[in-house]
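Dock chain B against chain L, hints included.
Next come the chains, spelled out residue by residue.
There are 2 protein chains.
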Amino acid sequence: MANCVLCEDEGGIVIWSGDDCRVVQVVDPDLPGLCRVIWNRHVAEMTELSYSEREIFMTIVFAVEEAIRHVMQPTKINLASLGNQVPHLHWHIIPRYEDDPFFPESIWSQRKRGEKNTLGIARQQLALKLPQIIRETIANLH
Amino acid sequence: MANCVLCEDEGGIVIWSGDDCRVVQVVDPDLPGLCRVIWNRHVAEMTELSYSEREIFMTIVFAVEEAIRHVMQPTKINLASLGNQVPHLHWHIIPRYEDDPFFPESIWSQRKRGEKNTLGIARQQLALKLPQIIRETIANLH
Numbered sequence: 011m012a013n014c015v016l017c018e019d020e021g022g023i024v025i026w027s028g029d030d031c032r033v034v035q036v037v038d039p040d041l042p043g044l045c046r047v048i049w050n051r052h053v054a055e056m057t058e059l060s061y062s063e064r065e066i067f068m069t070i071v072f073a074v075e076e077a078i079r080h081v082m083q084p085t086k087i088n089l090a091s092l093g094n095q096v097p098h099l100h101w102h103i104i105p106r107y108e109d110d111p112f113f114p115e116s117i118w119s120q121r122k123r124g125e126k127n128t129l130g131i132a133r134q135q136l137a138l139k140l141p142q143i144i145r146e147t148i149a150n151l152h
Numbered sequence: 011m012a013n014c015v016l017c018e019d020e021g022g023i024v025i026w027s028g029d030d031c032r033v034v035q036v037v038d039p040d041l042p043g044l045c046r047v048i049w050n051r052h053v054a055e056m057t058e059l060s061y062s063e064r065e066i067f068m069t070i071v072f073a074v075e076e077a078i079r080h081v082m083q084p085t086k087i088n089l090a091s092l093g094n095q096v097p098h099l100h101w102h103i104i105p106r107y108e109d110d111p112f113f114p115e116s117i118w119s120q121r122k123r124g125e126k127n128t129l130g131i132a133r134q135q136l137a138l139k140l141p142q143i144i145r146e147t148i149a150n151l152h
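Going down the list, the sequences are from chains L and B.
Take 11 as the starting number for the first sequence in the numbering used here and just add one per residue.
Take 11 as the starting number for the second sequence in the numbering used here and just add one per residue.
This is chain L alone, in the form it adopts within the complex:
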């Protein structure tokens, strides 16, 4: 679709790509390990997909969650499909930590604390392992 950033661009660094959707990693110093799963076709809502498409999509989302939990050891995983600004289905899979800039609020809430700390840097290092672990986790689904 014209003027849709997720139709025109990949939406991040593609670390896995399938027929229906792709997994991208997003480099955000505040949120190391943040990944998105993006449906390839331009669709706005989960209930516009068929039942089998929903299942394919969520299976990949949960595989990414599993890999992120394994690699990043977060306090909590946040999952969200909002799309108010980009109504092209995409899931955020977000590892959260008690000392991240927004915890315990959402990552879209007002920042609660400032600078990235040394733990943040260590987590950026950990996040480098994610592409391989995510690909392995998805490969093991089949």
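Check before you lean on any hint, since a few could be wrong.
[Unchecked claim] With a straight-line cut-off of 30 Å between C-alpha atoms, the simulated BS3-like cross-links for lysine-lysine are:
1) B/139 - B/122
2) B/122 - B/86
3) L/122 - B/86
4) L/122 - B/139
5) L/139 - L/122
6) B/86 - B/139
[To be verified] Example chain B residues on the side facing chain L (calculated, C-beta under 8 Å, incomplete):
7) 55
8) 65
9) 75
10) 89
11) 92
12) 94
13) 115
In short, the hints are calculated from the structure, not lab data.
Note that beta-carbon positions come from the ideal geometry of N, C-alpha and C, so glycine has one too.
This is chain B only, laid out in the frame that chain L set:
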């Protein structure tokens, strides 16, 4: 679990209750039609559930989305499972409108506009129809 509000309380007005999860409607003047699907057992992450439990859970989430879209005709649906403050699995299913207090940001973002408008009141009226339509939508799954 002790000190978990979703173990101790229902978490809203229960409009459908199953063996594994329940659907509650939340009365929030800013967000008419907001519903949550809450897993009955105290579990923090989706990937702590079995594959079949995840499917049961998401099937109910999407049934609620379908009913909300049908009744509330929102601009966009937002889905989120965060749990930073209450790490007991619960999904928010949120109908969003271009003139709601937070659009196009998340409902956890800073408020962008103030008073509830007459459209908000009309949507509160619509939301009264949700319990029956959600129950019917779930009943039709089987």
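Each hint tested on the structure:
For the suggested pair residue 139 of chain B and residue 122 of chain B, the alpha carbons sit about 28 Å apart, so the restraint of at most 30 Å is met. Proposed proximity of residue 122 of chain B and residue 86 of chain B is supported: the alpha carbons are some 17 Å apart, at most 30 Å. For the hint pairing residue 122 of chain L with residue 86 of chain B, the CA-to-CA distance comes to about 28 Å; that is within 30 Å, so the pair holds. Of the pairs offered as hints, the one joining residue 122 of chain L and residue 139 of chain B is violated, with about 39 Å between alpha carbons and a cut-off of 30 Å exceeded.
Between residue 139 of chain L and residue 122 of chain L the alpha-carbon distance is near 28 Å, which keeps this suggested pair within the 30 Å criterion. For a cut-off of 30 Å, the pair hint linking residue 86 of chain B to residue 139 of chain B stands: about 19 Å separates their Cα positions. A distance limit of 8 Å between C-beta atoms decides the matter here; for residue 55 of chain B the minimum to chain L is near 5 Å, and the interface restraint holds. Using the Cβ-Cβ criterion of 8 Å, the hint placing residue 65 of chain B at the interface with chain L is satisfied: the shortest such distance is roughly 7 Å.
Interface hint at residue 75 of chain B: satisfied, since its Cβ lies 5 Å from the closest Cβ of chain L, which is below the 8 Å cut-off. For the restraint placing residue 89 of chain B at the interface with chain L, the shortest Cβ-Cβ distance is roughly 5 Å, inside the 8 Å limit, so the hint holds. Below 8 Å, beta-carbon pairs count as interface contacts, and residue 92 of chain B has one with chain L at about 5 Å; its hint therefore holds. About 4 Å separates the beta-carbon of residue 94 of chain B from the nearest beta-carbon of chain L, less than 8 Å, and the hint is met.
A hinted interface residue such as residue 115 of chain B counts as satisfied when its beta carbon comes closer than 8 Å to some beta carbon of chain L; here the least separation is about 6 Å, so the hint holds.
In terms of the numbered hints stated before, the structure departs from hint 4 and from no other.
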